[in-house]
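Protein sequences, first through last, are from chains A and B. Read in order, the letters of the first sequence correspond to residues 6 to 318 in our numbering. Read in order, the letters of the second sequence correspond to residues 48 to 333 in our numbering.
What the hints contain is simulated information worked out from the structure, not anything from laboratory work. Be aware that one or more of the hints could be misleading.
[What the hints assert, rightly or not] Some chain B residues near chain A, calculated using beta-carbon distances under 8 Å:
1. 70
2. 74
3. 147
4. 157
5. 180
6. 203
7. 265
8. 316
[Unchecked claim] If the Cβ cut is set under 8 Å, some of the chain A residues that face chain B in the computed set are:
9. 31
10. 34
11. 38
12. 120
13. 124
14. 134
15. 140
16. 148
17. 156
18. 160
19. 200
20. 212
21. 276
22. 280
23. 283
24. 293
Being a predicted model, the structure only gives us computed values, none of them experimental. Ideal Cβ placement from N, Cα and C applies to all residues, glycine included.
One-letter residues, chain by chain:
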Amino acid sequence: MNNTRALAGRISESAPPRSHLHRQRMIWAYIFVSIPIIGLLVFSLIPILFSGWVSLHEWNMLSPVGEMPWVGLENYIYLLTQDNVFRQALVNTFVFVIGGVASNVVLGLGLALLLNSKLRGQSLWRVLYFLPVVTAPLALGVIFAFIFNRNYGLINSILVGIGIPRQPFLSSPYQALFVIILMAIYQYVGYYIVIFVAGLQGIPQDYYDAASVDGANAWQRFWRITLPLLKPVMLFVVVTNTIGGLQVFDLVFSSTAGGPVNSTQTIVLHMYNTAFKFSRMGRASAMAFILFGIILVITIIQLRVLRDRTERS
Amino acid sequence: MATVERSHGNNLGSMSLTAVKYAVVIFGALVMIAPFLWMMNASLMTSAEIVRQPPVLLSAEPQFQNYPLLLDVLPFPQLYLNSLIITGGTVLGVLFTSSVAGFAFAKYEFPGKNVLFYLILATMMIPFFITLIPVFYIIRQLSWINSFQGIIIPGIFSAYGIFLMRQFIMTIPDELMDAARIDGASEPLIYARIILPLIRPALATLGTFTFIGSWNSFLWPLLVINDRDMMTVPLGLNSLRLFAAEAVNLNLLMAGTVLSVLPTLLIFVFLQRYFIRGIALTGLKG
Chain A
6 MNNTRALAGR ISESAPPRSH LHRQRMIWAY IFVSIPIIGL LVFSLIPILF SGWVSLHEWN
66 MLSPVGEMPW VGLENYIYLL TQDNVFRQAL VNTFVFVIGG VASNVVLGLG LALLLNSKLR
126 GQSLWRVLYF LPVVTAPLAL GVIFAFIFNR NYGLINSILV GIGIPRQPFL SSPYQALFVI
186 ILMAIYQYVG YYIVIFVAGL QGIPQDYYDA ASVDGANAWQ RFWRITLPLL KPVMLFVVVT
246 NTIGGLQVFD LVFSSTAGGP VNSTQTIVLH MYNTAFKFSR MGRASAMAFI LFGIILVITI
306 IQLRVLRDRT ERS
Chain B
48 MATVERSHGN NLGSMSLTAV KYAVVIFGAL VMIAPFLWMM NASLMTSAEI VRQPPVLLSA
108 EPQFQNYPLL LDVLPFPQLY LNSLIITGGT VLGVLFTSSV AGFAFAKYEF PGKNVLFYLI
168 LATMMIPFFI TLIPVFYIIR QLSWINSFQG IIIPGIFSAY GIFLMRQFIM TIPDELMDAA
228 RIDGASEPLI YARIILPLIR PALATLGTFT FIGSWNSFLW PLLVINDRDM MTVPLGLNSL
288 RLFAAEAVNL NLLMAGTVLS VLPTLLIFVF LQRYFIRGIA LTGLKG
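Generate coordinates for the entire structure from the input sequences, incorporating the hints supplied.
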């Protein structure tokens, strides 16, 4: 260590202009990175620590930070043992994520396979399927609330037309969550299609040719080549969209606002209400940390699965 | 003879298979655009026509005046302008902070580089909802409630953007920079004159993503903006949604929804190649 420092010193003595230039470049590099580093510290890293601190207190955001009463783990205990709405929100969010992600993977992969099988007009189809992805979830919520309306919605008109009785959909505690899941499928399937198409195009054609020579049929080629080679893409899709789904807010806010009777209440929506309607910042922060923990666990599971996969191969 | 017949049968089979494939894809595409078409159609109806049962497929007379009527209720030009300022500021900010830091991480050696880079990557893991309350508190302490910077500034630091830019800038040969240095160019000049022009495609990709995300964002503006004159398009749509809770104003609600979704749809249709490429890129990198 000392030796290298001495050496560096000697070099800088013997070649001052170069070292000067080097130092100047380094200073510029620090200036360049300092802008976003400071930003991420102020708006990301410090807030997460602060949020953890708040979750151990009772706070309405009006009293000074220094005077928040300490409550220890009380917020967490309350949420996990007494807050029925939170429990309901957890269940709803999980149903939403599992239903949405599973349907989207199946539909997305299925449509990607179709689009990838030399169909004409690929880019046109891709654009059409992608339109909902770039549409504000808030607007989609409004459109779906309109289409699934009990009295004048398009879907009920179709149902009545084919002899099925009118359904309450978003105004039914038993059906609303499924309509929300349909919305999520509608919004994101185009995104899955694009990722899966890219993944499919990354699989070398040689593999399929070789398998065909060996007499494998389309079904076998799918199960033995496509699916195993698509596994990393599949994992990426499942995990990023699970993480996204766990944070669902806009879609629900604009279509049901969590109702009827909390049947579409989600974690982030409940957190939003707890914090900004009822000014319980401590409890809302604890909620955020529980959700963050859930997301971390899911991510760790993903890394495990990925590692297992690479170890085996 | 037998083989000829069989291949004939296969052709028929593969042709009908292709027909089924097209049928599925076309049906799917219809399902995808039907809500948009239905919304546009309803925006040109009277409210009475919208709620009539059995449903009316087309208005007896297209109600184009719904749009001017809507503008009396909700000042869309103002909403567009507000959203444009916020989205424009956010896009420029993200492009600047991401490219400048990505440049430093890709092309310079400095002590602590790896630690700082991993720190930035780690912030990618932090979901928005966990920083919501603290950042709201910071914004309030700064008296940035009801201000555009209260929305823009927290949104211009993107770990994902820095990562994307670093990956892209790493592919630019050092020789270009060295040549400029010999000509006496300073480091900021190298960034502005050599790096920025070369990373235009990456900037376009990141810019399109940021534009759509920022334009559509709802929760954060909902917290920061209370002033009607400063509302963004999604906030306007939200207030219209509450205003049109009664069936009487459904036509206006649908017209407002059309005006809300149109900008991102147009941006996407024109810039889709950047968008699709960006998604394929991130999808496969994972």
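> Quick check: which numbered hints come out false for this structure?
Replying inline: Violated hints: 1, 2, 18, 20 and 23; rest satisfied.
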